[in-house]
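Protein chains in written order, with my numbering: chain E, 1 to 370; chain B, 1 to 370.
One should not assume that every hint holds.
Given that identical chains are not distinguished, each listed pair holds provided it fits within a single copy or across any two copies.
Computed cross-link-like contacts, EDC-like style, restricted to lysine to aspartate or glutamate with a CA-CA straight-line distance of at most 20 Å [said to hold, decoys possible]:
no., residue 1, residue 2
1, Lys214, Glu203
2, Lys85, Glu349
3, Lys120, Glu331
4, Lys86, Glu338
5, Lys321, Asp183
6, Lys241, Asp183
7, Lys275, Asp159
8, Lys321, Asp247
9, Lys178, Asp165
10, Lys254, Asp101
11, Lys178, Asp247
12, Lys242, Glu109
Derived by calculation from the structure, the hints in this document are not laboratory data.
Below, each chain spelled out in residue letters.
Protein chains: 2
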Amino acid sequence: MAFVIRCCYCGSIESALLTSPNRLIKKRRNDFLSHPSRQLELSKKCWPVSPQGNRMERCKYYPLLLCMVAEVSVSDNLLQFMKRKKDYIEEQLNRSIPLLDPRLGLIYESMRYSLLAGGKRIRPMLCIATCELFGGSTLTATPTAVALEMIHTMSLIHDDLPAMDNDDYRRGKLTNHKVFGEDIAILAGDALLARAFEYIANETQGVPAEVVLKVISFLGASVGYSGIVGGQVVDILSEGKKEVSIDDLIWIHKHKTGALLKCCVVTGALLGGAKEEDVIRVGEFAERIGLAFQVADDILDVTASFEELGKSIGKDERSDKATFPRLMGLEESKRFAEKLVQESKYLIEPYGKRAYYLEALADYIVSRSY
Amino acid sequence: MAFVIRCCYCGSIESALLTSPNRLIKKRRNDFLSHPSRQLELSKKCWPVSPQGNRMERCKYYPLLLCMVAEVSVSDNLLQFMKRKKDYIEEQLNRSIPLLDPRLGLIYESMRYSLLAGGKRIRPMLCIATCELFGGSTLTATPTAVALEMIHTMSLIHDDLPAMDNDDYRRGKLTNHKVFGEDIAILAGDALLARAFEYIANETQGVPAEVVLKVISFLGASVGYSGIVGGQVVDILSEGKKEVSIDDLIWIHKHKTGALLKCCVVTGALLGGAKEEDVIRVGEFAERIGLAFQVADDILDVTASFEELGKSIGKDERSDKATFPRLMGLEESKRFAEKLVQESKYLIEPYGKRAYYLEALADYIVSRSY
Chain E
1 MAFVIRCCYC GSIESALLTS PNRLIKKRRN DFLSHPSRQL ELSKKCWPVS
51 PQGNRMERCK YYPLLLCMVA EVSVSDNLLQ FMKRKKDYIE EQLNRSIPLL
101 DPRLGLIYES MRYSLLAGGK RIRPMLCIAT CELFGGSTLT ATPTAVALEM
151 IHTMSLIHDD LPAMDNDDYR RGKLTNHKVF GEDIAILAGD ALLARAFEYI
201 ANETQGVPAE VVLKVISFLG ASVGYSGIVG GQVVDILSEG KKEVSIDDLI
251 WIHKHKTGAL LKCCVVTGAL LGGAKEEDVI RVGEFAERIG LAFQVADDIL
301 DVTASFEELG KSIGKDERSD KATFPRLMGL EESKRFAEKL VQESKYLIEP
351 YGKRAYYLEA LADYIVSRSY
Chain B
1 MAFVIRCCYC GSIESALLTS PNRLIKKRRN DFLSHPSRQL ELSKKCWPVS
51 PQGNRMERCK YYPLLLCMVA EVSVSDNLLQ FMKRKKDYIE EQLNRSIPLL
101 DPRLGLIYES MRYSLLAGGK RIRPMLCIAT CELFGGSTLT ATPTAVALEM
151 IHTMSLIHDD LPAMDNDDYR RGKLTNHKVF GEDIAILAGD ALLARAFEYI
201 ANETQGVPAE VVLKVISFLG ASVGYSGIVG GQVVDILSEG KKEVSIDDLI
251 WIHKHKTGAL LKCCVVTGAL LGGAKEEDVI RVGEFAERIG LAFQVADDIL
301 DVTASFEELG KSIGKDERSD KATFPRLMGL EESKRFAEKL VQESKYLIEP
351 YGKRAYYLEA LADYIVSRSY
């Protein structure tokens with residue numbers, strides 16, 4: 001079978017006669033890993049373009065190559081760490097939704113379509129890195145890491161619905177409801193949310209049950225009306241309002257995006273056996289990173305092209321939405337993001353080298369694309 | 001400090017000068033424990049009523065006394081039991097969604113609109129009654145009972161959405177999305193689902209943490225793609241199909257409705273300290289009751305009037321949906337429901353009088369309206 005593969009970064013086209021594009025991906029990955037000045041990401045962003053140009057229908061099963069030059073000198077270590085963890089997380093995610101009954105094929109496909117649609121897997125990585133920082137194992141953090149990605153995916157599926165943001169594309173692929181219909185998309189989100197809690201309760205090993213309950217409680221609060229949902233509702237209410245202040249915008253993002261990122265780090269710390277003061281400290285670290293992440297996302301929306309981002313661009317601008325660049329200007333937004341990262345680094349300074357990956361992830365989150 | 005305490009069973013008022021009402025609770029508990037004919041429950045139902053009548057604000061921290069006479073004679077009993085439990089559950093539901101931040105007013109209203117919209121509260125009652133059957137207390141079962149109603153409410157909100165059943169009325173009131181809009185209704189469902197797990201993890205007292213994890217795991221499975229959601233998806237796929245068999249229909253309802261009813265009883269048993277064989281036994285009891293409940297609901301849809309049911313009537317007929325009356329006829333459906341109830345009674349016979357309320361609830365569920 002012939003595949004034509006386009007690199008999203010350099011635009012170059014490659015074709016290969018292969019039974020699967022995976023071999024080509026592996027080859028390209030190795031090429032890139034041998035260049036320390038380059039940063040590699042596997043993504044489903046670049047699709048195989050068939051000779052017929054039938055792009056969207058061929059793309060479903062073949063994650064291809066996205067290569068970006070990393071001016072960030074974040075070092076080979078982080079790349080290695082991210083690559084290792086990402087492969088591991090993908091494998092765990094793949095195992096987390098088994099086909100329990102042949103009648104469940106459709107909902108199984110729908111849940112997996114979005115859960116395995118790529119993405120940077122930053123949330124699971126933050127959870128695992130924090131657990132390891134406090135001496136916990138990857139294994140102990142894994143069910144929670146998987147659950148965090150399930151919940152992130154659920155919020156994306158519901159957020160993309162016509163009654164919400166009405167997005168047709170996500171990570172360069174059709175959104176869940178465009179493929180499976182609105183009803184199945186709503187239910188797939190519900191099922192991922194329920195599965196997340198079941199998975200933590202059922203699969204977590206190596207820590208006392210009381211700790212697992214704390215994790216579940218914190219996760220529930222981070223998702224519900226005191227977390228993601230609360231942020232989304234206030235965000236919806238703020239749309240089109242002229243008087244949205246920077247404080248309001250910060251409040252919205254601390255809940256809408258920040259709550260789950262904070263949850264990754266706090267649950268990781270709890271599972272790693274951190275003391276209460278350390279849980280609070282890394283929680284404050286994550287609040288700043290979470291906010292910086294959102295500021296970066298707003299900036300991306302202004303500056304990136306469709307090819308770079310894989311989703312509709314300038315959407316925030318069109319919908320008259322309050323964004324950091326709009327309220328404080330592009331340059332000031334960049335400075336604000338940097339300041340938040342500096343503060344966050346200061347917070348985890350006491351952990352020294354043990355916090356290397358957490359710090360590196362923070363750098364990566366904010367500097368990834370501008 | 002003075003506290004005035006009302007007994008929920010006998011209505012008698014006691015007052016005491018105490019630094020904490022806990023001492024009075026302990027005294028009353030000892031009094032009751034010395035009477036073997038009486039059953040004692042500690043509950044958050046009776047609140048300290050301050051001399052100013054400032055009831056709700058004082059109630060938060062002081063679980064007070066609920067005393068019940070155990071050997072009461074039939075049917076009035078069930079009514080009394082249901083009324084007492086319903087009042088208690090309504091109060092607990094009311095407390096379960098506090099307004100955490102004034103910005104969250106809209107989502108708070110939306111969640112409470114559906115959660116407090118009435119309903120028979122059968123699910124919490126089943127959970128509490130099963131917990132009590134095995135010697136557990138109402139207090140221990142309460143957070144799970146509340147969570148079960150949250151999840152039931154969430155599934156109704158999402159089920160009513162235009163992309164799903166597109167219903168305008170539920171329990172005689174406008175559906176959530178008709179009042180708050182589709183976006184808020186989707187988010188209110190998500191928030192109730194997340195809050196349910198948070199609530200169990202955070203509020204459950206009186207049992208080991210391992211038991212609470214089992215409850216959460218079973219609940220998650222009952223809601224997700226192996227439970228309610230799975231049943232809904234297969235139900236959607238079966239709509240309009242001519243070849244839906246009785247086996248298919250039973251499968252659908254065992255998941256769509258039965259999974260959560262079974263979950264009520266299984267989690268109640270787990271929280272009451274039941275042995276594994278008893279958990280399985282009451283689980284099988286509940287499977288039959290759950291199915292009988294759905295058969296009764298299908299029958300109701302054919303026979304009941306709008307006033308009796310509070311929702312659009314004959315909807316199943318209009319949408320060309322497979323129902324028990326359609327597949328096996330009205331009379332046969334009634335007999336099927338009765339048979340399921342008989343089997344379920346046989347299963348809990350070994351518990352004798354202790355299972356009185358569970359059995360009475362089973363009767364009520366199936367015979368309630370025809």
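To see whether the hints hold, each was checked on the structure:
no., hint, result
1, Lys214 / Glu203, "both (15 Å within a copy, 11 Å between copies)"
2, Lys85 / Glu349, "neither (23 Å within a copy, 54 Å between copies)"
3, Lys120 / Glu331, "neither (25 Å within a copy, 58 Å between copies)"
4, Lys86 / Glu338, "neither (25 Å within a copy, 54 Å between copies)"
5, Lys321 / Asp183, "between (27 Å within a copy, 17 Å between copies)"
6, Lys241 / Asp183, "between (31 Å within a copy, 18 Å between copies)"
7, Lys275 / Asp159, "neither (35 Å within a copy, 43 Å between copies)"
8, Lys321 / Asp247, "within (15 Å within a copy, 51 Å between copies)"
9, Lys178 / Asp165, "both (13 Å within a copy, 19 Å between copies)"
10, Lys254 / Asp101, "between (39 Å within a copy, 14 Å between copies)"
11, Lys178 / Asp247, "neither (35 Å within a copy, 32 Å between copies)"
12, Lys242 / Glu109, "neither (42 Å within a copy, 25 Å between copies)"
In this structure, the earlier hints numbered 2, 3, 4, 7, 11 and 12 are contradicted, and the remaining ones agree with it.
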